[in-house]
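Asker: Protein chains in written order, with numbering that gives the first Met the number 0: chain Z, 0 to 411; chain A, 0 to 289.
Fair warning: there could be bad hints in the mix.
Stated by the list, open to error - A few chain Z positions that, by computed beta-carbon distances, are all more than 10 angstroms from chain A:
#1 L60
#2 V85
#3 R152
#4 K168
#5 N184
#6 G212
#7 V279
#8 H391
#9 R398
Claimed, not checked - Straight line, CA to CA, 25 angstroms or less: simulated DMTMM-like cross-link-like pairs of lysine to aspartate or glutamate:
#10 Z:K202 - A:D260
#11 Z:K219 - A:D260
#12 Z:K186 - A:E95
For the record, the hints were derived by calculation from the structure and aren't laboratory data. Don't be surprised by glycine CBs; every beta carbon is placed ideally from N, CA and C.
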Amino acid sequence: MTTYRRRTVLRGIGASAAMAAVLGAGRAWAQDRKAIRIGYAVSKTGNNAAGAGITTIPNYLLWVKDVNDAGGITLSKLGVTLPIEVVEYDDRSSAEETVRAIERLATQDQVDFILPSWGTGANLAAGPTFDRFGHPQLAATAVTDMAPQVAQRWKKSFWMLGGGHDYAKALVDLLVKQRDAGAINNKVAIASVADGFGIDLSKAATPAFTAAGFELVYDKSYPLGTTDFAPIINEVAGLGADTFAAFSYPPDTFALTQQAVVANFNPKVFYLGVGTAFPVFPKIAGPNHDGVMGIGGIDPDSPEMTAYFERHTALVGQAPDSWASAVTYASLQILQQAIESVGDVDRDAVAQAIATGTFKTILGDVKLVDNQLRALWTVGQWQDGKFVGLAHTERAGAREPVVPKPPFSAAQ
Amino acid sequence: MLLSAILTGLVLGGTYALVAMGLTLQYGVARIMNLAYGDVLIAAAFGALVLFNVLGLNPLASLLVVVPAGFALSYAVYGVVLQPLAARSPDRASLEVDSILATFGLLFVIQGVALVVFGSGFMGYSFLAVPVSILGTTIAANRLLALGLAVLIGGGLYLLLARTRWGTAIRAVAVAPASAPLVGIDVERTARFAFALGGALAAAGGVVVSMYLTFNATGGVIFTMKALIVVIMGGVGNLLGALLAGLILGLVETLVASFVDPGLTLAATYLIFLAILVVRPAGLFGRIAR
Chain Z
0 MTTYRRRTVL RGIGASAAMA AVLGAGRAWA QDRKAIRIGY AVSKTGNNAA GAGITTIPNY
60 LLWVKDVNDA GGITLSKLGV TLPIEVVEYD DRSSAEETVR AIERLATQDQ VDFILPSWGT
120 GANLAAGPTF DRFGHPQLAA TAVTDMAPQV AQRWKKSFWM LGGGHDYAKA LVDLLVKQRD
180 AGAINNKVAI ASVADGFGID LSKAATPAFT AAGFELVYDK SYPLGTTDFA PIINEVAGLG
240 ADTFAAFSYP PDTFALTQQA VVANFNPKVF YLGVGTAFPV FPKIAGPNHD GVMGIGGIDP
300 DSPEMTAYFE RHTALVGQAP DSWASAVTYA SLQILQQAIE SVGDVDRDAV AQAIATGTFK
360 TILGDVKLVD NQLRALWTVG QWQDGKFVGL AHTERAGARE PVVPKPPFSA AQ
Chain A
0 MLLSAILTGL VLGGTYALVA MGLTLQYGVA RIMNLAYGDV LIAAAFGALV LFNVLGLNPL
60 ASLLVVVPAG FALSYAVYGV VLQPLAARSP DRASLEVDSI LATFGLLFVI QGVALVVFGS
120 GFMGYSFLAV PVSILGTTIA ANRLLALGLA VLIGGGLYLL LARTRWGTAI RAVAVAPASA
180 PLVGIDVERT ARFAFALGGA LAAAGGVVVS MYLTFNATGG VIFTMKALIV VIMGGVGNLL
240 GALLAGLILG LVETLVASFV DPGLTLAATY LIFLAILVVR PAGLFGRIAR
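Based on the sequences and whatever the hints tell you, model everything.
Answerer: The following block contains the structure:
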């Protein structure tokens, strides 16, 4: 008769647990992996849901579909082509929730790569967490002048949408040309939203306008959530400025346009902030969208861009926005090509490849400089139903600016 | 310039008043602190948008559809979700706490449905965005309409409440819910009716606001907040108070934006809010309960 003593039993349990652990771990990363696991936490609800719903989520979905339709991502070192498998969370527009979700994706879900949430704040908040887990961070929707510093601090973070100075300087340069050509006068009126984006841009723009010899006849901020712009437009209308620039957020962008139309305020240059490039802008502004300038832009002559617009429209039901959407999609193309050039899901090597490689994207051939995408459309204008790029950080504009813009008409 | 600012301010105030009047009924009479109020408003805005885009229905005509729908939906919500709370709560304070929690949940339900159906993007259309000139000031016709509706609804309901037997019953419930049954008033039915009426007003506000504001599925809370300020400032449950408080807020914001700095509108709003509460702790027309 065999008697099992307690110690033997315990030993047995311990050994089998260890065996299971070894086997389990082996299964997770050996040859029989079936997919490349991509995780992301995005704002499906809350304040950032509108931005994420236009710029981030559709492009993540489109990219996954495009990659999987084409068979997947080729890992040459493992000799396989694998589809993408997605793990998705809602961060409810809260930075703490974003960080928690990234921790979970990195430890619990053990995804191969993590895509960031929407917005400057969310990306800056998530930076340390991406860094701690050694995941590359493709910040395609963060506009920050701190990009050079944060890219230094978090070596695997990549900043792809420039900083406030880029956009402000581009606008001023463009207006200087128009002024010197005699198309506009020397007076500029600025209104900016008293929140991250508006503060950044107006801080960069105000000195740039002054340095370029413009006279700022109006330079005021308004609180976030303002819905009535009649006082601002009424005052600016009487100041004789040929240029009106608003560093605004989407609801303000639309309301400012409507108010300008109603008040028949027709500056020669009408420039607005975030939201101008949204596909909904022409729907809200009607025929009056034509000639409105704003942040962003695309190259309307690029066949890749046209094809991207068509694929996006087919999948999501509406066109992408003409600023950060294309950059977001391009950031994912960069990730894919970096993984394929490494031939494995080795995150250190992939981050290295993103930093040093040249990639074929819908933005054209791009190469990051100091972990930043520096080839950016900065000023766009609605022309013939497209938000075309007028100014680019590295190349000539795709179209000439139309100044003065066609006058607004209030008739519906 | 001053006249123009005053007119613009009154028109903005009309929007605030219109948005707040439903909440004052719901909070004042039914004693439901409805946190989902703004989301009902957004739902109505979506309704108007769909009717406008799909059926080509004039938003003014869609008021005839959306407002009764708002009434019916609120009536049903009160019956299913809130009536049990009202029945079991021993006093006003505990009903307020319970209703805050319940309507907080309702907020997420409405928001979730809107997110699934419409997505999270900004929506809007343009209707009656034509300039109207009044005493030399150019004002958007749709905003003027909001002011007109606010005055019409506010004034009309005030007369109903003040002059009819039915209105007296509602006021009795608002003022003394414990004593109202003693004179043969069915408190529960009256509260339910007032809540539904508030929902109808929210729907009216949503339709009108959708003509000139862009909105999205998650934007309801902004309207709830604004409405709450107006309601507290005007005196809970008082329609004229809401109308007056809305107009005051609009005037102050516009005057500050025109003559001081647009950046200070929010500060001015809260300053006037504080000032009124210091002088009249129960709001402009409010009465301190017990």
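Asker: Each of the hints needs a verdict: does it hold here or not?
Answerer: Taking the hints in turn, this is what the structure says about them:
1. L60: holds (12 angstroms)
2. V85: The claim holds: V85 of chain Z sits with its nearest Cβ about 19 angstroms from chain A, beyond 10 angstroms.
3. R152: holds (32 angstroms)
4. K168: holds (24 angstroms)
5. N184: Holds, because the least Cβ-Cβ distance between N184 of chain Z and chain A comes to about 23 angstroms, which exceeds 10 angstroms.
6. G212: G212 of chain Z clear of chain A: closest Cβ-Cβ about 26 angstroms, beyond 10 angstroms.
7. V279: Its Cβ does come within 10 angstroms of chain A, the nearest being 6 angstroms, so this is violated.
8. H391: Fine: 27 angstroms to the nearest Cβ keeps H391 of chain Z off the interface.
9. R398: holds (26 angstroms)
10. Z:K202 - A:D260: Since the Cα atoms of K202 of chain Z and D260 of chain A sit roughly 17 angstroms apart, the hinted pair holds (cutoff 25 angstroms).
11. Z:K219 - A:D260: holds (7 angstroms)
12. Z:K186 - A:E95: Violated: K186 of chain Z and E95 of chain A sit about 55 angstroms apart, past 25 angstroms.
Hint compliance for this structure: hints 7, 12 are broken, all remaining hints hold.
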